[in-house]
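**Q** Here's the letter readout for the chains.
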Amino acid sequence: MNELSTASPPRSAPPPGSAGPRVTGAADAPRLAARTLALRALKPAAFAVSCLPLAKLAADALTGGLGANPIAEGMNRLGFWTLTFLALSLVPTPAKDLLGLTWPIRIRRMLGLFAFAYAAMHFAWYLGVDKFFDLPEIAKDIVKRKFITVGFATLLLLAPLAVTSTDRAVRRMGFRKWKRLHRLVYAAALLGLIHFAWRVKADERRPALFAAVVGLLLVARLAPAVRRAIGRGSGRPA
Amino acid sequence: MARWRDDLPESDVTPERLYLRRREFLALGAAGAVGALLPGARTLAGPEGESLAVASRSDRADGEKPTPWESITTYNNFYEFGTDKDDPSRNAGSLRTRPWTVSIEGEVKKPQAVDVDTLLKWFPLEERIYRMRCVEAWSMVVPWVGFPLGELVRRVEPTSRAKYVAFQTLLDPKQMPGQRRAVLEWPYVEGLRMDEAVHPLTMLVVGLYGRILPNQDGAPIRLVVPWKYGFKGVKSIVRIRFVEQEPPTTWSRMAPNEYGFYANVNPAVDHPRWSQAKERRIGEFFRRPTLPFNGYGAMVAQLYAGLDPRKLY
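Which chain is which? The protein sequence lines are A and B, in order. At position 128 of the first sequence (counting the first as 1) the number is 127 in numbering that gives the first Met the number 0, and the numbers step up by one without a gap. At position 311 of the second sequence (counting the first as 1) the number is 310 in numbering that gives the first Met the number 0, and the numbers step up by one without a gap.
Because the hints were derived from the structure by calculation, they are not lab data. Some hints could be false.
[Stated by the list, open to error] Some chain A residues near chain B, calculated using beta-carbon distances under 10 Å:
1. K145
2. I147
3. E203
Positions of the beta carbon are idealized from the N, C-alpha and C atoms, including for glycine.
So here's chain B without its partners, still in its complex pose (with noise of 0.2 Å):
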């Protein structure tokens, strides 16, 4: 074994004013290693498509940046196009969502098949940012463009009968291959009882980052309802039911003790499988609590005064 020698010269000793800053390099790298774990860690794609007219904008999501375009249209629970994440992207290009059209059906005096571009006329176009909670306890903010869905219930006036409202996807496994395998129940149903359905919040959406809605998000119209969980935001809707019973919704069909009817979040009621109480903003490192109602309480706890809390999942 070689006895030590003294042969460092003098030039290779770490200045001091450096070596006294060793722990901002420490957490510097540290830093850097966690920056790359998030999607800023290169250039993002930007929104793209044609452009909406909007009339107006605001804000409910109290000033948070909106999640990246890229994220919000390559980050999907789209199953009638696959059940990866990234599936949507890749596979809704066989969706043709012109022409299209809507069916209003059931309780109300003003039955109607309508155009998705005729619906679109009607209404005075609003971009609304909302905080979207997904039931996986990942969540985004996202810029809808889209109008209430209340204006459109009050323009084809229910009957006294109507009592919810149901929803239903396009079912064609030609353009949605996911559909093709029984993975859920097709065609995927959602619903809302009437009060939610005519709240100022809920909208149906036509557009994201005031671009037309990309086929992976849910075009050419979606379901909106930012103080519940994600899938209760129906995608591509061909069929709008007021009905006077409690509709069937797909999740809840599927697995009736991980999704119950209203699906409001609630930091409080756990998913079987998974904590609710945090969740994973896309593009940030930590957790952080969720709130119940999404934060959205102030405007739509009255709605569920005399329901038992534990069914507010």
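Pulled out of the complex, with its shape left as it was, chain A reads as follows (with noise of 0.2 Å):
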């Protein structure tokens, strides 16, 4: 920290009689604001982000962009991005027992509405556009394909998972029953490799990537777990 704040003094020479701390802090001051207009700007930004594979659909939809086949092509991107939003949401708590950053914790739930987001227009789009409500056709669907009925199993893991995202819902359930309930998300992110590994005809390397990012992901979470356990070990005070 210390080393971070000496190591870029400030540009111009200090007014004569300055005292040292009070330039560091003037320097500091202008970071700091940045810092805070960077956090403040974080989630809108995160949010944004988030939208755009969801406008890139809604674009590519209109102008004939998602191929011969837009109705698999549509269902096929949802999934992805119902995966890839499930995988990042793994990647905050890591981040900052790991590297020490505290910023993504400020956007976890919001990955984690995402990845329900589009979970649900996955489902819906499969409901709606793919199948087009054919009720009897798509319980049959669920109850004899398996890597339909493990993807259906996914939705129902994430939903309520996103109905106690509140604020609220975290005081009324209690941290830790609350926490308990939200080791689901282990769960969906399982089942939901497993609806894409199955699903799948031959090429089994896009579902094995992201078995491997969300390995790797579950495997950095025991970090601190490990580290608990090796300063046990060597007998240093908990």
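Hints given; two lone chains; assemble the complex.
**A** Structure (structure tokens):
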């Protein structure tokens, strides 16, 4: 920290007579202001970026950019972004534990909600566009086709997490209970991966890549526990 | 809170004749949203490439309009060039289709290696509009150009031991980048029973929309069997072998519980991961019922008279 604050002294010479500490303070003020501004912009920026895949989908749908089978393409894209946001929502915790970054925590809830939103749109697309509300057929699909059963289960797991994503829900449930419930996201990520892997006909590269990324993120979450275990092992006070 | 004030002028009132048409407006909006999901939302690319001399034309798709050239040439399952639907159209440029030799071998009296251009001169080219049903539950209507496989079979004179015909795609990872990874067991192989091979509907195809067949659709020569799922239509053929035993086929070797040897279009037998009862015609919004034998039952059902219908997938 100290190194950081002395690394970039003010460009202009300090005014005569000014004391050292005050110079540092004056230089920090704009940096702090910039940081505050960046943090204030973080959520709207994250929201806008998270909407981009949807905007692209809408634009492509209107211009014929979804190819010869736009219905299949749209469904595939929404599924892809569901898994992507599920993986992204697993980033902030290890980012804090391992890299000391705290700002990702501020958008973790939003990332999780976007995962749910894309999952819901993926399902709605299947329901209303792909199958056009052919409910008997859809019911059969969910029961008979393993990969659809698993996909549907993923959505069912994500729904209570989205519903209890508010601050009020955390207060009402109590943090421990709330946290326990939200561990369902691990199961959801796993089922989402299985859904994708079972859907693919022969080329398992993309599901494998997703599995590797999610696996790594889950392993990274163990870092603090490992550190504590090592700490205990070396006899240092906890 | 401000109280409501009557400050709307009479001119803001929606004219009654427009008001009465409000549902039309909604319907138009809905139709537009649906229309946006169809590839017709913009002008599609038309046929291109060298024209072929077509001697005759016949419609075997009950007058249905053929699927646009652009869809047929950008939405392909040809894993030799990648597993995404648009991979073949982007990657198949690396395939050299001339010179091209097809080796005809096995149980035939006249085994030979024949150049594809020579092969083309042996038979008059026909255009036939066929339905094409993919095992993935989408379908197209395709104006193929080619000749009946039966004509070739008769010309090379199979022996009495020839019960099946086995086909093989080119194996060359340099030209077919998809073969650099073992997504499927390369080379792609397919097969037909002899009576299926000589059936008048079974074609060797060399063209599309009156033009020379684009690489991504299986150039220079491919098989088309319109009553079977599309994966039976082996592409870029280099070997036709007449054999006594049922030959292995790529997809049934990869997943025998999902793909059979016959692979006849059959709405009653689901693929384990999706229903085969309906299909989406490329370019249409609503799914339509799939027909047994893809609608060619009157011409081919007798081929399978003694066979367990559950094997007909």
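**Q** For this structure, which hints from the list above don't hold up?
**A** none
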